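Asker: Quick note on this note's numbering: the sequence shown kicks off at 72 and runs consecutively.
The set of hints was computed from the structure by calculation and includes no laboratory data.
Everything numeric in this text was worked out from a predicted model, so none of it was measured.
Hints may contain errors.
Said to hold, decoys possible - Each pair of labels, with its calculated beta carbon distance range:
id, residue 1, residue 2, range
1, 321, 265, 38 to 46 Å
2, 341, 147, 22 to 30 Å
3, 162, 355, 20 to 28 Å
Cβ atoms here follow ideal geometry from the backbone N, Cα and C, with glycine treated the same way.
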Amino acid sequence: MKKTLLMAVMASTLSYAEISTFVPYYGSLEYGDKGHRDKGKLYGFYASRGNLSYLLEFNYLHSEVNDKHLRTDTVIQDEFSLMYGRYFFDYAYKIGIHTNNTDDRDLKQGYTLTVGGSKWRWFGSDKLTYGVDIYNSYYPDAHNLKNDPMPIYLHQLTPYLFYSKALTSNSQNLLELKANLQAIPLFQSNSSYNSYEIKDTLSYKSFSLGAGFFTGQMRLGVKDWGRMVYNLKDIQTKGYSANVAYDITKKFNLNLSYITSEYEEYLSHFKIKNSALILATRYTF
72 MKKTLLMAVM
82 ASTLSYAEIS
92 TFVPYYGSLE
102 YGDKGHRDKG
112 KLYGFYASRG
122 NLSYLLEFNY
132 LHSEVNDKHL
142 RTDTVIQDEF
152 SLMYGRYFFD
162 YAYKIGIHTN
172 NTDDRDLKQG
182 YTLTVGGSKW
192 RWFGSDKLTY
202 GVDIYNSYYP
212 DAHNLKNDPM
222 PIYLHQLTPY
232 LFYSKALTSN
242 SQNLLELKAN
252 LQAIPLFQSN
262 SSYNSYEIKD
272 TLSYKSFSLG
282 AGFFTGQMRL
292 GVKDWGRMVY
302 NLKDIQTKGY
312 SANVAYDITK
322 KFNLNLSYIT
332 SEYEEYLSHF
342 KIKNSALILA
352 TRYTF
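Construct all of the structure, not just a fragment, from the sequences and the given hints.
Answerer: Given below as structure tokens:
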């Protein structure tokens, strides 16, 4: 009933608002020889409408991952997120909800509530933005690391800092810094995990190139501003990303991203690597 109600709210909200941006995407997943997971795929879309005073966002992500040992066993997951942001003179706040619908045996259905705030300052053509996002996730039908059935709660605090510097009239550099501070008190194991992210993007006219690095420890992590939840018991320890984008026109953009992650699989304790190649197109109306 909760899922049906959430879907109805999302659909009615978007139907009464003209979508200003639409981003469909598709990706393939590759896993190494170790561990339980095999190849997989993902696809979905992002839609938003907004202006200088507000931003309404919706994201849908579908993923399928096969199991190496059970060839007929495929974990299917659907993620939905709805976010609303409000902008004032030099600060903003946002609130949102994310839900995971999955047939995974360990975590099953999950909900994440997002609240956040940010502030920015201009230094001529340069811009400094700093803020914090707070995520609270709840898995009512989960199992802990000992496979005992019990609800699981996650609390994550993500402070961040962005600095956009104009290099010339046609180029700029954007530096992004994030910290992810997590507490999972009911896992009956290490109850806190900290991780850090850095990303740098260089833009010149219609072309941009970016690279990112992730380090530390993250479990059940919330990323991409609350639009994606890694609802896995595995511990992510390291990651790299690269992306290239090109504005074909003012209203049409192509973006290709490559992401690789290293983590410790909780079932086997193997050190695993996986990678994702994602193609996205952005239409602006």
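Asker: Hint by hint, say whether it matches the structure.
Answerer: We went through each hint and held it up to the structure:
In this structure the supplied range 38 to 46 Å holds for residue 321 paired with residue 265, their Cβ-Cβ distance being about 41 Å. Remark: the range hint 22 to 30 Å for residue 341 to residue 147 is upheld by a beta-carbon distance near 23 Å. Range check, residue 162 to residue 355: about 25 Å between beta-carbon atoms, so the 20 to 28 Å window is met.
Of the hints listed earlier, there is not a single one the structure fails to meet.
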